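If you're matching them up, the sequences are chains A and B in order. Just so we're aligned: 69 in the working numbering is position 69 of the first sequence, and the numbers increase by one with no gaps anywhere. Just so we're aligned: 72 in the working numbering is position 72 of the second sequence, and the numbers increase by one with no gaps anywhere.
For the record, the hints were derived by calculation from the structure and aren't laboratory data. Note that the structure is a prediction, hence the values are computed from the model and not measured. Hints should not be assumed to be uniformly reliable.
To be verified - A few chain A residues that face chain B, going by a derived Cβ cut-off under 7 Å, partial list only:
| hint | residue |
| --- | --- |
| 1 | S17 |
| 2 | I47 |
| 3 | P68 |
| 4 | G71 |
Claimed, not checked - Covered by chain A, per the in silico footprint, the following chain B stretches (three or more residues, Cβ under 8 Å):
| hint | stretch |
| --- | --- |
| 5 | 12–23 |
| 6 | 37–49 |
| 7 | 65–72 |
| 8 | 86–94 |
| 9 | 98–112 |
Every residue gets a Cβ at the ideal spot worked out from N, C-alpha and C, and that includes glycine.
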Amino acid sequence: MGCVEALKYEVLLRNCSFREYRDYIRKNYREFYDVMPGYRIFDLALIGVPPIPIGVDGDSVIFPYTKPCHGTFVLKVEGKDEVLRLRSQKK
Amino acid sequence: MSEKEDEGLIVLGCPEAPVQVSLAIHLAHGLRKAGKTPVITGNPSARALVAMADPEGRYVGEMIDLDRCIEAMAAKERDFAASFVLVHVESGVSFAGTISAISGGKVIVVVFGKDAESLSALIDFPCEKVTVRTAHKAGPLKAAIAEVTGWGA
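Generate the whole structure from the sequences, applying the supplied hints.
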């Protein structure tokens with residue numbers, strides 16, 4: 001099990017709804033990949049209403065992170081391996 | 001995959017809603033009467049409140065960490081015949097959508113609280129819904145759950 005606090009992340013959005021982050025990621029990142037809930041990224045299982053978009057910006061990935069009491073945050077984390085994994089799984 | 005027909009999952013939301021503990025115990029009781037062992041998942045605070053209400057585990061069975069539960073279900077290592085997801089804030093809809101996507105069992109989303117209708121309107125994924133706009137009235141909640149489960153109010 002991963003821990004988000006172990007990552008060096010930038011918070012792009014906070015306390016957003018799943019519809020808000022979907023729109024945000026799709027509108028702001030030309031390269032994005034839709035994944036299903038439970039998709040593992042940095043050893044974290046993604047929470048959300050499918051489909052969950054993950055954006056790519058250079059070597060970084062942009063993804064939602066949801067906790068029961070704190071809502072959903074959109075995080076940007078550098079991760080070349082995660083970018084490659086997303087690209088290799090797509091289409 | 002370990003899908004136990006004799007286990008039912010109860011997914012707790014943010015523990016700030018007072019009715020959530022009563023709901024969890026009520027659902028656990030109903031699952032037991034239906035012959036299923038209730039397994040509870042949620043964040044540590046939410047689980048601690050349920051444990052405080054049921055110190056000897058008369059109603060609740062196993063309690064598991066929320067992240068580990070989602071990971072095990074997503075990895076198809078574990079599943080449940082029925083999962084109840086308690087929702088009273090928007091993040092709960094995301095957890096419900098996740099359980100709906102990763103479970104092969106029946107998913108019942110119980111939406112409650114003052115924003116129940118607007119939260120319920122966000123749910124467009126496969127599940128059964130129980131929507132009750134109350135944060136503290138047991139009667140309507142029990143009746144609405146009984147309608148879906150057939151457990152009797």
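Next on the checklist: How does the stretch 37–49 of chain B fare against chain A when you require at least three residues with a CB closer than 8 Å, holds or violated?
Outcome noted: Contact hint for the stretch 37–49 of chain B vs chain A: holds, 4 residues under 8 Å.
Next on the checklist: Is the coverage entry for the stretch 65–72 of chain B by chain A consistent with the three-residue Cβ rule at 8 Å?
Outcome noted: Satisfied; 5 residues make the cut.
Checklist entry - Are there at least three residues in the stretch 98–112 of chain B whose beta carbon sits under 8 Å from a beta carbon of chain A? => result holds (count 3)
Checklist entry - Can the hint on A:P68 be confirmed by a CB-to-CB distance to chain B that is less than 7 Å? => result 5 Å, holds
Next on the checklist: Under 7 Å is the threshold here; is the Cβ of A:S17 close enough to any Cβ of chain B for the hint to stand?
Outcome noted: Holds - the Cβ of A:S17 comes within 7 Å of chain B, reaching about 5 Å at its closest.
Checklist entry - Was the hint right that A:I47 lines chain B, CB cutoff 7 Å? => result Result: holds, 5 Å to nearest chain B Cβ.
Item to check | Coverage of the stretch 12–23 of chain B by chain A, judged on three or more residues with CB within 8 Å | outcome: Coverage by chain A holds here, the residue count being 5 at a Cβ distance below 8 Å.
Checklist entry - Can the hint on A:G71 be confirmed by a CB-to-CB distance to chain B that is less than 7 Å? => result This hint holds: A:G71 lies near chain B, its Cβ roughly 5 Å from the closest one there, short of 7 Å.
Next on the checklist: When I compare C-beta atoms, does the stretch 86–94 of chain B have three or more residues closer than 8 Å to chain A?
Outcome noted: holds (count 6)
The structure fails none of the hints (numbered hints given earlier).
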